[in-house]
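Position chain B against the provided structure of chain A, taking the given hints into account.
The residues making up each chain are set out below.
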Amino acid sequence: MPYRRVIEVTFEAAGAGSFPAVSICGKVGEIMADSRILLECREIYKSFDKNKVLQDINLKIKRGEVHALLGQNGAGKSTLVKIITGVYSMDSGQILVDGQPVKMNSPKDSERAGISIIHQDQQLVPFFDVTRNAFLGSEMTGKCGKLDFKKMRSLVQEKLKLIDSDFTADRQISTLSVGQREQAAIVTALLQNPKLLILDEPTASLSNREIEKLFEVIGKLKEEGVTIIYISHHLDEIFRITDSITVLRDSRVQGTFPTGQTDHKEVVSLMIGKELKEFYPKEEAVKGDVVLEVDDLYSGELVRGVSFRLHSGEILGLAGLVGAGRTETMLAMYGVEKVKSGSMKIEGQPFAANSPLQACKEGIAFIPEDRRNEGIVAQMDIGENLSLSSTRLWAKRGLIDRRRESTFFEDIRKTLNIVCTGKKQLVGELSGGNQQKVVIGRWMVGDFKIFVFDQPTTGVDIGAKTEIYKQMVSLAKQGCGIIFISSENEELMGICDRIAVMAKGRIVKEFDAAQVKEQDILYWAAGGDEDNGGKEAKCVG
Amino acid sequence: MLDKKRLRPAKVGTLLLGKGTGVGMVIILCLLGLRAPLFFDITNIMTILKQGSVLTMIALGLTAVLIGGGFDMGAGALVQLTCNLTAGLLIAGAGTAAALTSGITVGIGVGAVNAFLVIVMKIPTFVATLGTMFIMQGITSWYNGGKALTINSIPGFAVLGQGRIAIIPVIFLIVIVVCILMNYFFKHTKTGLRMYASGENPAAARLRGLNTRRYLLLSYVISGLILGFTGVLQCSYNYGASAITSGMDFLIQALSAAYLGSTFSKTGELSVIGTVISGMFIAALSNGLIINGISNQQISGVLGIILILSILLTVIKKREIGQVTIF
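Just so you know, the protein sequences line up as chains A and B, in that order. Sequential numbering of the first sequence, starting at 1, is according to my numbering. Sequential numbering of the second sequence, starting at 542, is according to my numbering.
No lab work stands behind these hints: they were computed from the structure. Don't be surprised by glycine CBs; every beta carbon is placed ideally from N, CA and C. Don't take every hint at face value.
[As the list claims (entries may be wrong)] Straight-line Cα separation of at most 20 Å, SDA-like style, residue types lysine to any residue; simulated pairs:
{"id": "1", "chain 1": "B", "residue 1": "LYS728", "chain 2": "A", "residue 2": "LYS338"}
{"id": "2", "chain 1": "A", "residue 1": "LYS449", "chain 2": "A", "residue 2": "GLY288"}
{"id": "3", "chain 1": "A", "residue 1": "LYS146", "chain 2": "B", "residue 2": "VAL718"}
{"id": "4", "chain 1": "A", "residue 1": "LYS338", "chain 2": "A", "residue 2": "PRO356"}
{"id": "5", "chain 1": "A", "residue 1": "LYS340", "chain 2": "A", "residue 2": "PRO356"}
{"id": "6", "chain 1": "B", "residue 1": "LYS731", "chain 2": "A", "residue 2": "ARG153"}
{"id": "7", "chain 1": "A", "residue 1": "LYS146", "chain 2": "B", "residue 2": "ASN585"}
{"id": "8", "chain 1": "A", "residue 1": "LYS361", "chain 2": "A", "residue 2": "ALA378"}
[As the list claims (entries may be wrong)] Computed list of chain A residues with no C-beta within reach of chain B, every gap over 10 Å:
{"id": "9", "residue": "GLN123"}
{"id": "10", "residue": "SER138"}
{"id": "11", "residue": "GLU337"}
{"id": "12", "residue": "ALA378"}
The shape of chain A in the complex, shown without the other chains:
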């Protein structure tokens, strides 16, 4: 069934590439108020086990608008989108398209209702051309089941022209740039003639120029009458191209606003909420000399000129969005990623790690982000896991000294409060929090001066979180320097001495953790600029 576009709604053709900032749905006139709403979610509830992911979600998407869905990680954005696209089923609630209740039991249902989604990581077949990719799964055939490439190609070509792409339908995907692949994905979605197009963090891996092109494409689609839900962390993008903003936090809708009638500050404060919910065992440690000095570090695509100082006894928080280059900076420092340029000093001694082992010897401990893959060996027991980084210490002439392993184990178990049946328990059987403690415990036995914690509290319950914070504080009190990467700004503010905000591969701002407001961190992380930042700071001060 072909979807006719709604022609009652007219748009101001405000010049190519520019977006009317105010809501554009005001010209409908005599049509009933309801018909302006394309998609409506009513009282949607969803939980996974005991975890309530969505509660009482009410959302109205107007016809022809670009609607931003905004929220921190874990706020429920992606779950909501998955329900709208039929990937998950909701526990209760209702979805209406064009005022009609629609059952979304599978992605096909959602497609039939005229909803298309472009996923964050574009899945394309590299050696297929654009046409084959676009029609994969819904191919057109002619006589004797022969694929009708001519027809398919001309349809794709038409859509490519619509969004003004600079490549043709018979280009192989592997020869396209990331931005062009995004366009190929958009064309794929457009072939369904969707009424509603959902873009899930489309700019995550695009360069600035490619982002500009994407915005142009979005503008064109809007002219064509396609409604768009735009999901992104980047506030500046959202304020540039959207008509309304819905903020989600803690599984609830915090409010929907016309973009023109709100500002960064309001949106950010809705995103983060006010109260600090957790207990932080912060104790002041004596700050000593600089233990780590990093100057103008470049590595890979994501680290572009990082400089910072870390003192002994200090906890330095690294805040930023996903993809800001925080983990990559640490990996470069730790000798996992190649350093392009820049210098590093440990206690004043120049140092360049070629391998993690060397970094280890220099006294850097690294607790990685991806615990399951990088931190533990699930099939080995706790004792063995604990000795992984320091077998040198525990082994006598190449043989592991089991007795020493045992004494160390008891020590670590006590200090970290690891809940387990004993040294022989397999790490894979432990809870997330206790696994994390094992990872941390592994570094406790060596002589380390610098500890890097990369998102240590993700997927860990509140009790274990506090345990981990305590450990950081006690390490700081012993005179170690600690770098704490986290996407939860709250915990950074709760436990750090200083917070450095990273964006686009550099540290854009440093704050004293005791003074900083969460808005400011988010503002800078989302790519805020110096001028406005100054103003905001003045306002706050």
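Leaving out everything else, chain B in the frame of chain A:
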């Protein structure tokens, strides 16, 4: 922007890699021909086409599995099994049609068993097909009792492997027909296209609502069909079945042919036509080396080198487009 990219040294290298396979093949064959002019004799060329046909058929069977995202260690063993079966049936007095049908049926059956092990039991393809390979070897040696099964020339049957139309061997024509059919299937039908997609990027295929397991099953079945048929051809070509059960030589050569064939495309895409060209190239190479006085035993070393080189080429190409593994 594109032109600039092409001018960079790395891109020039890739370009050479892209055209390199064909150019390299021609150069190697010319060198062999220069040292032994007999090589380019028309009778010799026809002999090569005949000798290479069974190998190419096996390579086509493997290509079908590889396209669907699977792997088959037992391709050679399956051919030996159906070859022995055919020989045994013919000796027992069965007709050509019965021999053909049973060979193909057994082939499809083995393909289905492989698919079951891989898809339902979720055993890694290498291990599963290695297992079935040994089982087939066991059955083969039990069936032929460790002896070669020689058949007398049966007119209707011998045509398959030994006949000629004008000067061209019938068995080669069969290869061409199978190649055309397979190429049509994989490039111009919905199912073929989807098999390619689910083999190359299962995640993408699943996102589009395709059932990748179904296409893997289909690729094993198609491959079984071709390999079963190849066993029958082999029986006709050989006047029976040899006592060797492993078919390892076949497997190595066929794998080389499939991977070498994939290096014809810029992105390392497996292709039916590439497989046929490479299969025939490998046959020509063996032939040319023997004419040049290199012993049969040394040739398997050369084939090993070709296998490694062709896989290496594929890996390099896949890395170019951002995929690290080929299995």
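If you draw a straight line from the CA of B:LYS731 to the CA of A:ARG153, is it 20 Å or shorter?
-> The hint holds at about 15 Å.
Given the proposed pairing of A:LYS361 with A:ALA378, does the C-alpha separation stay at or below 20 Å?
-> violated, 25 Å
Would you say A:SER138 is clear of chain B, with no C-beta pair closer than or equal to 10 Å?
-> Given a closest Cβ separation of 8 Å, the condition is violated.
Checking the smallest CB distance to chain B, is A:GLU337 really beyond 10 Å?
-> holds, 17 Å
Can the restraint linking A:LYS338 and A:PRO356 be considered satisfied, given a maximum Cα separation of 20 Å?
-> Holds, because 12 Å separates the two Cα atoms, which is no more than 20 Å.
Does A:GLN123 really sit off the interface, with its C-beta more than 10 Å from all C-beta atoms of chain B?
-> Contrary to the label, A:GLN123 does not stay out of reach of chain B, its closest Cβ about 4 Å off (not over 10 Å).
Confirm or reject the statement that A:ALA378 sits farther than 10 Å, beta carbon to beta carbon, from all of chain B.
-> holds, 19 Å
Given pair status - A:LYS338, B:LYS728, alpha carbons within 20 Å | violated, 42 Å
Does B:VAL718 lie within 20 Å of A:LYS146 when you go C-alpha to C-alpha?
-> holds, 18 Å
A:LYS340 and A:PRO356: Cα distance at most 20 Å?
-> Since the Cα atoms of A:LYS340 and A:PRO356 sit roughly 17 Å apart, the hinted pair holds (cutoff 20 Å).
Quick one, are A:LYS146 and B:ASN585 close enough, alpha carbons at most 20 Å?
-> violated, 38 Å
Pairwise hint evaluation, A:GLY288 against A:LYS449, where the allowed Cα distance is 20 Å at most = holds, 12 Å
In summary, the structure is inconsistent with hints 1, 7, 8, 9 and 10 from the numbered list given earlier, while agreeing with the others.
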